[in-house]
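The lines below spell out each chain.
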Amino acid sequence: MSSQIVPLIIIGVSVLFILGIKFLSSPKTARLGNLVAAAGMFIALCALLKTDGSSVWSHGWSFNYTLIVIGTIIGLIIGALGAYSVKMTAMPQMVALFNGLGGGAAALVASLEFIKGAHSGETVPTSITVPMLFATLIGSLSFSGSIIAYLKLEGKFEKPMTFPGQNILNGLILLVILGLCGWLTFNASGGNAILAFVVVFSLALFFGIAMVMPIGGADMPVVISLLNSFTGLAVAADGFAIHNNAMIVAGTLVGSSGTLLTLLMCKAMNRPVTNVLFGAFGSSGGAQAGAAGVVGTVKPIQADEVALLLAYAQRVVVVPGYGMAVAQAQHSVRELTEELGKRGVEVQFAIHPVAGRMPGHMNVLLAEANVPYDQLIEMEQINPSMDRVDVCLVIGANDVVNPAAREDKSSPIYGMPIIDADHCKTCIVMKRSMAAGFAGIENHLFYKDNTRMLFGDAKASLNALVAAVKAS
Amino acid sequence: MDTNVLFIFILAVFVGFEVISKVPSMLHTPLMSGTNAIHGIILFGGILVLADADTTLAMVLGFVAVIFGSANVFGGFMVTDRMLQMFKKKK
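Going down the list, the protein sequences come from chains A and B. Everything in the first sequence is counted per my numbering, starting at 1 for the first residue and increasing by one. Everything in the second sequence is counted per my numbering, starting at 473 for the first residue and increasing by one.
Source of the hints: derived by calculation from the structure; they are not laboratory data. All clues stand as given, with none of them false.
Chain B stretches covered by chain A per the calculated footprint, using a threshold of three residues with CB under 8 Å from any CB of chain A:
no. : segment
1   : 485-493
2   : 506-520
3   : 536-543
4   : 550-557
The beta carbon of each residue, even a glycine, is placed where N, CA and C say it ideally should be.
Pulled out of the complex, with its shape left as it was, chain B reads as follows:
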């Protein structure tokens, strides 16, 4: 097993904890929505498996995975931006 990959994993766990440890509760919803968009990177997984699909079943499942992942990533970033554009200071 490639231990480098585990190394990356462990470090990412701690970075994930550290970066949001001081977030005010007013930003919890946008933050959840933003991180939700980031796991939309699963679209790439969908693209990779669909690119290699050689049976009809694999193509159908891969196609659904790409649609799901794409909706997750695009919708996620858009909805987060829509929320955040409203945070303005008093003029």
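Looking at chain A on its own, in the form it has when it is part of the complex:
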């Protein structure tokens, strides 16, 4: 392939990436968007250029090429197994893991280039050392941070881990890293440089762990989104270092759109991003603070009674939460809503922006259960009409319907937008027990006069409801 055509191909590939992301932001074209981006990736692979301008594929075969093929196939198998075996509830973890691998790869690529430059004995220009160091730093941080985020979402050390002076220690580590990077920028040659580089790499790995450890499990989506944009920037920096424009464009697009996505997520939770990263939200101190304003008693209800309420209601709104997904109750929910639909009851789903473990996670889970997406109404659209809803069915959701966010200034979630489930005529909360939610905050909704609690496994309760509605 002539080297004049390749830059044109890369421009085409960039357009495909941009269109792909664009299509991904509308439900109708989202799947196409993903395929468009994948096609761009394939074309870019075919046109892969070496630093000296020759095509990678034009060289004679060597052992290195065998390694490339074997490595790619191993990665393909790992990726495919992960992508097709993961349960939809565990989707956020999977994204975190893939992101971590990307970050690790970015750090390794930069390291190899760095070591090569240091061994050559020649002076490496700062326009190369700066992006290399940046990619190493951000990539390895993203790698270790994503693994911790993965483990946290898997339920390992879910609680935030904090100790006094943590932010100061992290700050000191960061200072050491930046100091070494500053020195390396101008002294990227010789044995000392490699030693300093290894220290930077290790400290960055450690910093990724130290950065994510104090953040609670509930905030992991924001962390993953942020690390996703970090990896994008690391890839772009690698693109600068090895002169690959496709990597610069793709990495930068991910970096900037990922940053915006992170900010949008924080906005949905009404918390500044700095608060998420340094606030250690959901720690035990915050959990007790919310319990103060609770008045009233918890009133249990039986399934038959709920079925009657539902069957003779005009308008029913379901507020699904992560608990519903964990109980694998999506299909039972759809069955119930279909049964109610047949009886002429208007059924809608109220989707909180951060329902599930990640914005949009709930939509994916309901889509998997064949709930048509035009039945899913976003929080801002449904809230004004909540007082005209006869029955609001809260299934496994907790913090996103907690009125403390509106009423209790001392609550750690005060100010977070919520679905006004307490405004409807009767609110049924389906819950396994009285345990607190993911954020560890007492829920005022459970004690309201118009709230009834239906205790038990969500799936079993829903099946009982379906049977009872059919019978009535």
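Put chain B on the given structure of chain A with help from the hints.
Frame of chain A; chain B shown alone:
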């Protein structure tokens, strides 16, 4: 320093912001997953450095980078497609 490359970078920053500014929150997860797949282009970086690797250390590190990048790009696109194939309208 090649300023053209910086030019590309700056424009890409703004394009990245613009294209997703109107995305509904229901698509945040697929979008994150899709962009996650796009930075899997780091596989190319891995291929390029492995193609030129001449020491055992470089080969081992490059090999790991290729595996990581490949898992990122293939897994990323597949998992996103699996999520998105479920978004259907009522028949």
